[in-house]
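Undergrad: Chain residues, written in single-letter form:
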Amino acid sequence: QKEVEQNSGPLSVPEGAIASLNCTYSDRGSQSFFWYRQYSGKSPELIMFIYSNGDKEDGRFTAQLNKASQYVSLLIRDSQPSDSATYLCAVVSGGSYIPTFGRGTSLIVHP
Amino acid sequence: DTGVSQNPRHKITKRGQNVTFRCDPISEHNRLYWYRQTLGQGPEFLTYFQNEAQLEKSRLLSDRFSAERPKGSFSTLEIQRTEQGDSAMYLCADHALATSYNEQFFGPGTRLTVL
Chain Z
1 QKEVEQNSGP LSVPEGAIAS LNCTYSDRGS QSFFWYRQYS GKSPELIMFI
51 YSNGDKEDGR FTAQLNKASQ YVSLLIRDSQ PSDSATYLCA VVSGGSYIPT
101 FGRGTSLIVH P
Chain U
1 DTGVSQNPRH KITKRGQNVT FRCDPISEHN RLYWYRQTLG QGPEFLTYFQ
51 NEAQLEKSRL LSDRFSAERP KGSFSTLEIQ RTEQGDSAMY LCADHALATS
101 YNEQFFGPGT RLTVL
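From first to last, the protein sequence lines stand for chains Z and U. Everything in the first sequence is counted per our numbering, starting at 1 for the first residue and increasing by one. Everything in the second sequence is counted per our numbering, starting at 1 for the first residue and increasing by one.
Just to be clear, a hint being listed does not mean it is correct.
Stated by the list, open to error - Below, a list of computed lysine-lysine pairs in the DSS-like style, where the Cα atoms sit at most 27 angstroms apart:
| no. | chain 1 | residue 1 | chain 2 | residue 2 |
| --- | --- | --- | --- | --- |
| 1 | U | Lys-11 | Z | Lys-42 |
| 2 | Z | Lys-2 | U | Lys-14 |
| 3 | Z | Lys-56 | Z | Lys-2 |
| 4 | U | Lys-57 | Z | Lys-42 |
| 5 | U | Lys-71 | U | Lys-11 |
Derived from the structure by calculation, the hints contain no laboratory data. Please read all numbers here as calculations on a predicted model, not as lab measurements.
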């Protein structure tokens, strides 16, 4: 069974700090990796996706992928209280169109 | 509003009743997915359509669950003989075939409460 693991948290960081969120996955055939943000009571919102090893940056967000070690991470620079949410990692295996989601990591950014 | 829409947003029902939820995707998006999400968990895949074809339904939670997308546009998810364990958020998401990496866009969800 394909598994995606995330620490449920909460991860608490001060405003302005870097928040680092991690995700590991079990299927070596995984090819696409996604980070979604979900505010309490709302639906997930896509932040970033990555498909090749290395880093991908978009504004304050950086996704990092290491396929050999089977982990993907999300860095949030200059964290703001508005970044407080649950961050979901999702993984899609090659040849599939079905994402497997982790349970999410709760992030709290305190002023 | 050009995003994915879902109706109703909230549904309260009594155990044993049937419920039906509707999802209207972004018009040019071909794939439509249904998920269930319970508190503290990530979305759990249920089924998906490519246009009107239901390509995966083995992960629907039981034979009480069914989904349709008759004309390749909107979709419905029906739960028959609801049970208290069906209480959850039901999410619809879509995806455009023209994009390569299966990024999905979620609707606001339907929150089901079974009494």
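Undergrad: Quick one: which hint numbers does this structure break? Sort them smallest to largest.
TA: Violated hint (a single one): 2; every other hint is consistent with the structure.
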